[in-house]
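A.B. asks: If you read the protein sequences in the order shown, they are chains A and B. Mapping to this note's numbering: the first sequence position 56 is 56, numbers consecutive. Mapping to this note's numbering: the second sequence position 190 is 190, numbers consecutive.
What the hints contain is simulated information worked out from the structure, not anything from laboratory work. The structure displayed is predicted, hence computed values, not measured ones. We put the CB at the ideal spot given by N, CA and C, even for glycine. Hints are not guaranteed to be accurate.
[As the list claims (entries may be wrong)] Computed Cβ-Cβ distance ranges for the label pairs, DEER-style:
hint, chain 1, residue 1, chain 2, residue 2, range
1, B, P149, A, L56, 38 to 46 Å
2, A, A188, B, A139, 29 to 37 Å
3, B, P149, A, P17, 41 to 49 Å
4, B, G125, A, G125, 22 to 30 Å
[Stated by the list, open to error] Sample of chain A residues with no beta-carbon within 10 Å of chain B, all distances over it, derived:
hint, residue
5, R14
6, P17
7, P19
8, A61
9, G64
10, P162
11, F197
12, G205
[Stated by the list, open to error] Computed footprint of chain A on chain B; a stretch qualifies when at least three of its residues, placed anywhere within it, have a C-beta under 8 Å from a C-beta of chain A:
hint, stretch
13, 90–101
14, 165–177
2 protein chains.
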Amino acid sequence: MSAPLLAPHRSVRRFKPDPVPQEVLLAILAEAQRAPTDATAQMYSLVRITDRDLRLAISQACGGVPPMESAPEFFLVCADLYRLRALLHLEGLPFGNFPHIGLHFATVDASLVAQRLMDAAEAAGLGVCPIGAIVNGIAAIPGLCHLPPLVMPLFGVCVGYPDEDPPLRPRLPLSLVLHENTYRIPDAEELRPAATFMNPITRSGSWLSVLARYFAAGGVMEEREAGLYATLQQQGFSTR
Amino acid sequence: MSAPLLAPHRSVRRFKPDPVPQEVLLAILAEAQRAPTDATAQMYSLVRITDRDLRLAISQACGGVPPMESAPEFFLVCADLYRLRALLHLEGLPFGNFPHIGLHFATVDASLVAQRLMDAAEAAGLGVCPIGAIVNGIAAIPGLCHLPPLVMPLFGVCVGYPDEDPPLRPRLPLSLVLHENTYRIPDAEELRPAATFMNPITRSGSWLSVLARYFAAGGVMEEREAGLYATLQQQGFSTR
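For reference, chain A alone in the conformation it holds in the complex:
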């Protein structure tokens, strides 16, 4: 196991202005398409945002996301059951009623495609940065990108040649994320040093503070809840 298996991943937020050549773009998209897909159904779409005004409008709807504005390429990664429904309609068949199952499989399908796109892009010497913050402006995105029903934006992916060389950032110890047969509940004595180890992943130097800002009561994730829920409803991923 001498050679690394994949190009090292670190999210890149500053890109050179150089465009991604068409043949490189097509090569990473071909790799993305080869991701496994449940029931062969390919329940995703990628919306490549090339219009600079549209890119800016999406970024502003999300509160301003600099890498989204500066990256040569930006893809909106979407769960997509619309195309599947249209395929069944070719046969005159009614689409089933499975809101949780539909969102589940389409989110997984779309995420697998996006990760394979990122792995391929990094193998081609490009840098990538996924953008979870599109959820901040999610209610505006279907209108801006004319997304039909059953198409739900999930996150974004920036791609371009890196104009920075950030260090590899830490991850939790494997023992906390890998379990054998049954889930092993960690205690505080195991979590505290792991949290300290994670500090360099943040700019502030305190990982627990970042987690608190996002995930504690009153934090960013609670603020995002209503917008995501409303957009799921609006796009037909009804939860009942």
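Using the hints provided, position chain B relative to the given structure of chain A.
C.D. replies: Just chain B, lined up with the frame of chain A:
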């Protein structure tokens, strides 16, 4: 762009009995852990099922899934907010209330990790097969694997040395899954030949029949809806 960017993906369902060496296993897990993670939070767990009786029990709960039973390695890919809540409790902070947001980000995080694991495994000469069918037996899995609240099984991944050499299977034309700026709605004249092109992805030779069996009214996905919904509720991913 002469060299391929990633090892070619095709799902492998027949594996040699040879175990995956420990150093190879650790290498692919290290790659998996490097997947990007929203808000640095790593909202996933992998449960490696090494106990043969447990593996069989999970497979049987799902209706019998041969590759899950025969693969040298099988990982249950889980959305995990339990560990995150435990980390906030270290600081005495209450976890926020964001059921849709929590499931959204944790499903994406876990899927990115799983795809990077699969890309790394294939780079190491292994074969992989994701198992969406764990949803068939999803209600039984938390008990079998002692999953605490806020841990939700999403799908499985089989890993091992291939004992078959399946062909690369087709994917939809790029023009149907890639949009530029706005979603382009395809018409029947575009969908029909694409569906014909997809036929070799199936054993039966009719892709639309497979889609119908899964996604039409009365199909497999509708059957799966109640179990997934109940397990989301049970595991604390309440949808209200």
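A.B. asks: If a hint holds in the structure, say so; if it does not, say that too.
C.D. replies: Verification of the supplied hints:
Separation of B/P149 from A/L56 is about 41 Å and conforms to the stated range, judged on CB atoms against 38 to 46 Å. Checked against the hint of 29 to 37 Å, the C-beta distance between A/A188 and B/A139 comes to roughly 31 Å, which is consistent with it. Taking the beta carbon of each, B/P149 and A/P17 are about 48 Å apart, inside 41 to 49 Å as hinted. Judged by the Cβ atoms, the range 22 to 30 Å given for B/G125 and A/G125 holds: they are separated by roughly 24 Å.
Consistency note on A/R14: stated as away from chain B, and its beta-carbon is indeed over 10 Å from all of that chain's, at 16 Å minimum. Interface exclusion of A/P17 from chain B stands, the closest Cβ pair being 20 Å apart, more than 10 Å. Remark: the non-interface label on A/P19 is consistent with the geometry, its nearest Cβ contact in chain B lying 15 Å away (cut-off 10 Å). Once the 10 Å rule is applied to beta carbons, A/A61 is consistent with being away from chain B; the minimum gap is 15 Å.
Distance to chain B confirms A/G64 as a non-interface residue, since its nearest Cβ pair spans about 17 Å, more than 10 Å. Under the 10 Å C-beta cut-off, the non-interface status given to A/P162 relative to chain B holds; the minimum distance is some 15 Å. Taking the minimum C-beta to C-beta distance to chain B, about 12 Å, the non-interface status of A/F197 holds against the 10 Å cut. Its beta-carbon lying about 12 Å from the closest one in chain B, A/G205 satisfies the requirement of being farther than 10 Å from that chain.
For a cut-off of 8 Å, the count of residues in the stretch 90–101 of chain B with a CB near a CB of chain A stands at 11, and the three-residue condition holds. For the stretch 165–177 of chain B, the stated coverage by chain A is satisfied: 7 residues place a CB nearer than 8 Å to a CB of that chain, which reaches the threshold of 3.
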